[in-house]
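2 protein chains.
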Amino acid sequence: MLDWQAVYATRASRMKASEIRELLKLLDQPDIISFAGGIPDPALFPKEAFRAAYTDVLTGSTANAALQYSVSEGYLPLREWLVEQMGAIGIACRPENIMIVSGSQQGLDYLGKLFLSPGDTALVTRPTYLGALQAFNAYEPNYDQLAINGNRTPQSYADNAASNGGRAKFAYVTADFGNPSGETMTLAERERLLDLATELDMPVLEDGAYQSLRYDGEAIPPILALDLARNGGEIDATRTIYSGSFSKTLAPGLRTGWLCASEAVISKLVLMKQAADLHSSTINQMAIHHVATHGFAAQVEKIRVAYRERRDLLLSALARHMPAGVEWTKPEGGMFIWVTLPESIDSAALLAEAVKTVRIAFVPGQAFHADGTGANTLRLSFSCASAQGIEEGMLRLGNLIRKTLGT
Amino acid sequence: MLDWQAVYATRASRMKASEIRELLKLLDQPDIISFAGGIPDPALFPKEAFRAAYTDVLTGSTANAALQYSVSEGYLPLREWLVEQMGAIGIACRPENIMIVSGSQQGLDYLGKLFLSPGDTALVTRPTYLGALQAFNAYEPNYDQLAINGNRTPQSYADNAASNGGRAKFAYVTADFGNPSGETMTLAERERLLDLATELDMPVLEDGAYQSLRYDGEAIPPILALDLARNGGEIDATRTIYSGSFSKTLAPGLRTGWLCASEAVISKLVLMKQAADLHSSTINQMAIHHVATHGFAAQVEKIRVAYRERRDLLLSALARHMPAGVEWTKPEGGMFIWVTLPESIDSAALLAEAVKTVRIAFVPGQAFHADGTGANTLRLSFSCASAQGIEEGMLRLGNLIRKTLGT
Numbered sequence: 001m002l003d004w005q006a007v008y009a010t011r012a013s014r015m016k017a018s019e020i021r022e023l024l025k026l027l028d029q030p031d032i033i034s035f036a037g038g039i040p041d042p043a044l045f046p047k048e049a050f051r052a053a054y055t056d057v058l059t060g061s062t063a064n065a066a067l068q069y070s071v072s073e074g075y076l077p078l079r080e081w082l083v084e085q086m087g088a089i090g091i092a093c094r095p096e097n098i099m100i101v102s103g104s105q106q107g108l109d110y111l112g113k114l115f116l117s118p119g120d121t122a123l124v125t126r127p128t129y130l131g132a133l134q135a136f137n138a139y140e141p142n143y144d145q146l147a148i149n150g151n152r153t154p155q156s157y158a159d160n161a162a163s164n165g166g167r168a169k170f171a172y173v174t175a176d177f178g179n180p181s182g183e184t185m186t187l188a189e190r191e192r193l194l195d196l197a198t199e200l201d202m203p204v205l206e207d208g209a210y211q212s213l214r215y216d217g218e219a220i221p222p223i224l225a226l227d228l229a230r231n232g233g234e235i236d237a238t239r240t241i242y243s244g245s246f247s248k249t250l251a252p253g254l255r256t257g258w259l260c261a262s263e264a265v266i267s268k269l270v271l272m273k274q275a276a277d278l279h280s281s282t283i284n285q286m287a288i289h290h291v292a293t294h295g296f297a298a299q300v301e302k303i304r305v306a307y308r309e310r311r312d313l314l315l316s317a318l319a320r321h322m323p324a325g326v327e328w329t330k331p332e333g334g335m336f337i338w339v340t341l342p343e344s345i346d347s348a349a350l351l352a353e354a355v356k357t358v359r360i361a362f363v364p365g366q367a368f369h370a371d372g373t374g375a376n377t378l379r380l381s382f383s384c385a386s387a388q389g390i391e392e393g394m395l396r397l398g399n400l401i402r403k404t405l406g407t
Numbered sequence: 001m002l003d004w005q006a007v008y009a010t011r012a013s014r015m016k017a018s019e020i021r022e023l024l025k026l027l028d029q030p031d032i033i034s035f036a037g038g039i040p041d042p043a044l045f046p047k048e049a050f051r052a053a054y055t056d057v058l059t060g061s062t063a064n065a066a067l068q069y070s071v072s073e074g075y076l077p078l079r080e081w082l083v084e085q086m087g088a089i090g091i092a093c094r095p096e097n098i099m100i101v102s103g104s105q106q107g108l109d110y111l112g113k114l115f116l117s118p119g120d121t122a123l124v125t126r127p128t129y130l131g132a133l134q135a136f137n138a139y140e141p142n143y144d145q146l147a148i149n150g151n152r153t154p155q156s157y158a159d160n161a162a163s164n165g166g167r168a169k170f171a172y173v174t175a176d177f178g179n180p181s182g183e184t185m186t187l188a189e190r191e192r193l194l195d196l197a198t199e200l201d202m203p204v205l206e207d208g209a210y211q212s213l214r215y216d217g218e219a220i221p222p223i224l225a226l227d228l229a230r231n232g233g234e235i236d237a238t239r240t241i242y243s244g245s246f247s248k249t250l251a252p253g254l255r256t257g258w259l260c261a262s263e264a265v266i267s268k269l270v271l272m273k274q275a276a277d278l279h280s281s282t283i284n285q286m287a288i289h290h291v292a293t294h295g296f297a298a299q300v301e302k303i304r305v306a307y308r309e310r311r312d313l314l315l316s317a318l319a320r321h322m323p324a325g326v327e328w329t330k331p332e333g334g335m336f337i338w339v340t341l342p343e344s345i346d347s348a349a350l351l352a353e354a355v356k357t358v359r360i361a362f363v364p365g366q367a368f369h370a371d372g373t374g375a376n377t378l379r380l381s382f383s384c385a386s387a388q389g390i391e392e393g394m395l396r397l398g399n400l401i402r403k404t405l406g407t
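Protein chains in written order, with our numbering: chain A, 1 to 407; chain B, 1 to 407.
I should point out that these hints are in silico values taken from the structure, not numbers from a laboratory.
Predicted model only: the values in this text are computed from it and were never measured.
Where is the CB? At the ideal position from N, CA and C, for every residue including glycine.
There could be a bad hint or two in this list.
[Said to hold, decoys possible] In silico negatives: residues of chain A with every beta carbon more than 10 Å from chain B:
no., residue
1, Lys47
2, Asn137
3, Arg239
[As the list claims (entries may be wrong)] List of simulated lysine-lysine pairs, BS3-like, C-alpha gap at most 25 Å:
no., chain 1, residue 1, chain 2, residue 2
4, B, Lys113, A, Lys47
5, B, Lys302, A, Lys268
6, A, Lys113, B, Lys25
7, B, Lys330, A, Lys268
[Stated by the list, open to error] Calculated Cβ distances over 10 Å to all of chain B for the following chain A residues:
no., residue
8, Asp28
9, Pro42
10, Thr55
11, Gly103
12, Asp109
13, Phe115
14, Ala162
15, Ala188
16, Pro221
17, Met272
18, Asp277
19, Ile283
20, Pro323
21, Gly406
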């Protein structure tokens with residue numbers, strides 16, 4: 001089955017509809033070595049744990065509740081468990097600071113709905129998560145490029161937003177191992193972003209989808225933890241909204257994620273959710289809670305070990321097979337490596353050629369750029385790659401790039 | 001646990017926040033005889049069937065797919081099964097005409113998002129489904145009262161909408177056993193609504209949440225079936241969007257419903273869903289499909305038998321205990337009876353008195369009225385009521401109304 005991010009990115013490219021249809025057909029063929037998927041490896045899903053969880057919650061006194069309507073803010077025991085998890089990464093909070101959403105994508109949609117009106121500006125990095133752009137696009141914002149290295153003045157953001165008839169309403173970032181770049185914001189960059197947000201009096205949306213998938217290096221406090229430290233540990237005084245996901249650690253098919261923020265923000269989002277879909281699936285929240293309390297740490301460690309090895313293999317294969325002039329990120333976690341090709345190469349055209357001739361796939365990078373740049377970039381996912389596929393795939397990609405460059 | 005519709009209705013009333021908090025606390029007490037719930041009876045949930053379904057889909061070759069990301073339009077076998085179901089009620093369609101949503105409330109939210117801009121007008125009956133008003137409110141429409149008896153000219157709707165700076169964007173109705181009134185639109189009313197929609201060139205949103213819960217009388221074709229007949233059986237030429245729900249037949253806790261409409265409308269909604277939450281829970285769609293294909297008709301019949309008996313008991317108790325001047329609907333299906341009190345009684349005040357003194361609960365009717373009228377109406381739900389509770393509850397309500405009237 002095709003990865004939705006690959007479909008997204010291809011649809012968002014400048015190819016003709018007929019070319020896109022053709023390409024998507026090719027991408028779905030079984031002999032393609034694919035680095036396109038942004039999906040977790042299904043071989044790592046805790047299937048037995050989920051089977052036990054659904055059986056348990058559907059047995060005895062919990063069965064009626066599992067199948068019934070429930071509250072919009074989410075299943076209280078799951079929110080209480082998340083309070084502990086957030087506490088462990090430096091975010092002291094209460095259940096009132098947590099709302100369950102139907103996947104973190106829904107959280108992004110709600111945040112767009114809450115903050116954006118047509119003409120407002122959202123600050124995003126270049127590149128940024130494609131799904132966030134898709135969620136925000138529904139509310140017709142302008143985008144301005146967030147310079148996380150700090151080489152822009154707060155006033156320059158305000159001026160750009162005003163010239164588009166609105167205000168900068170939030171900055172959206174993935175602080176750890178972002179999709180697509182795999183890169184991590186430094187402590188200084190996180191603090192600087194909070195300075196900027198304070199200056200512009202806007203929230204920071206912190207996407208923590210990959211936060212627990214660190215393979216090496218020292219953990220850096222989440223932006224919300226730094227925000228808390230600035231506010232005497234009082235979460236209700238913070239401006240950061242943290243978005244969490246079970247899709248990369250347990251399974252995406254249950255569509256269960258969460259938002260953590262001040263009670264004022266969460267209360268508004270709960271009313272919004274009540275009107276939009278009443279609540280997230282009761283039984284899935286209970287199943288997630290069951291699996292999480294029966295061995296979350298061990299499950300995360302299993303994924304870390306597997307993905308760390310694949311990342312190392314991909315980095316090593318890139319080093320051996322890429323020609324001069326090709327650069328890539330060295331992520332400390334997550335699922336992605338981001339490749340920058342020489343300026344002369346269009347990665348969408350390269351993909352079309354790659355699937356036709358050398359039978360490999362990746363995601364062209366342009367769609368991850370709110371400003372339409374990045375035609376010479378591409379995303380490689382290592383989450384579902386085999387050792388053999390990585391070696392063979394990078395050999396083929398390196399040769400194809402050489403051929404395209406005429407070297 | 002408190003029923004969300006009771007919470008909604010109470011919040012939407014004109015009571016003070018402190019009074020609402022007090023009332024909600026009282027409503028949740030175990031000795032209250034409640035007719036407030038709009039929830040299905042959990043004793044009728046097919047628990048064993050769901051336990052078997054989750055075990056089966058999490059075993060063998062389907063387990064990976066059940067836990068993985070999937071397509072925004074929904075699980076194809078479930079959509080194919082729904083094609084048959086829709087065909088059986090006169091709606092010939094293809095899988096391309098069906099999108100799975102996370103409960104029909106989400107469908108209503110998406111339809112509001114698709115059709116409404118601030119200043120537009122939505123046509124709704126008086127009373128109408130409270131959840132629909134909540135979903136549409138996010139898009140800031142005006143409401144005009146849809147006269148299903150046809151005693152208003154098409155031009156009068158257009159004029160009202162224009163005077164509010166927009167157009168009439170759709171008519172929203174529940175044709176069968178609507179929440180809260182329990183009433184059914186006649187064949188002539190359905191045809192007249194299609195005439196009106198054609199005249200105003202707008203879609204009809206047909207909420208079929210209770211469609212399969214008919215206890216007596218002859219089934220009337222859904223509006224979409226009549227629309228199809230006008231268009232030579234070609235669904236892609238119709239203007240009606242049908243919203244379906246598994247919440248009243250299988251279980252609400254899985255948050256699984258569907259929309260059925262022309263492929264042009266469904267395609268737009270699929271793109272909207274992709275940006276808003278990627279897709280509905282994969283495993284829940286597979287579990288619903290499993291339970292549905294292993295005995296949907298028998299499950300629906302079980303519910304019909306139980307609810308028919310409760311409706312009959314409630315109608316009989318009303319006839320015996322209500323004083324003169326109180327009127328109520330005689331629904332042929334669904335979960336609700338709608339009561340109209342003498343003009344002098346405010347049902348919100350009556351509820352406050354009822355929970356304090358005679359320990360019974362119902363939902364005050366005003367919140368179901370987009371125009372703020374209906375203070376002398378109330379909704380009784382019989383879905384979770386026992387024979388003893390019905391008899392005792394109506395005796396107490398009748399006496400309280402007599403006392404309030406001073407008779």
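Going through the hints against the structure:
{"no.": "1", "hint": "Lys47", "in the structure": "violated, 5 Å"}
{"no.": "2", "hint": "Asn137", "in the structure": "violated, 7 Å"}
{"no.": "3", "hint": "Arg239", "in the structure": "holds, 24 Å"}
{"no.": "4", "hint": "B:Lys113 - A:Lys47", "in the structure": "violated, 37 Å"}
{"no.": "5", "hint": "B:Lys302 - A:Lys268", "in the structure": "violated, 40 Å"}
{"no.": "6", "hint": "A:Lys113 - B:Lys25", "in the structure": "violated, 31 Å"}
{"no.": "7", "hint": "B:Lys330 - A:Lys268", "in the structure": "violated, 39 Å"}
{"no.": "8", "hint": "Asp28", "in the structure": "holds, 12 Å"}
{"no.": "9", "hint": "Pro42", "in the structure": "violated, 4 Å"}
{"no.": "10", "hint": "Thr55", "in the structure": "violated, 6 Å"}
{"no.": "11", "hint": "Gly103", "in the structure": "violated, 6 Å"}
{"no.": "12", "hint": "Asp109", "in the structure": "violated, 4 Å"}
{"no.": "13", "hint": "Phe115", "in the structure": "holds, 14 Å"}
{"no.": "14", "hint": "Ala162", "in the structure": "holds, 23 Å"}
{"no.": "15", "hint": "Ala188", "in the structure": "holds, 33 Å"}
{"no.": "16", "hint": "Pro221", "in the structure": "holds, 29 Å"}
{"no.": "17", "hint": "Met272", "in the structure": "violated, 7 Å"}
{"no.": "18", "hint": "Asp277", "in the structure": "violated, 4 Å"}
{"no.": "19", "hint": "Ile283", "in the structure": "violated, 5 Å"}
{"no.": "20", "hint": "Pro323", "in the structure": "holds, 34 Å"}
{"no.": "21", "hint": "Gly406", "in the structure": "holds, 39 Å"}
In summary, the structure is inconsistent with hints 1, 2, 4, 5, 6, 7, 9, 10, 11, 12, 17, 18, 19 from the numbered list given earlier, while agreeing with the others.
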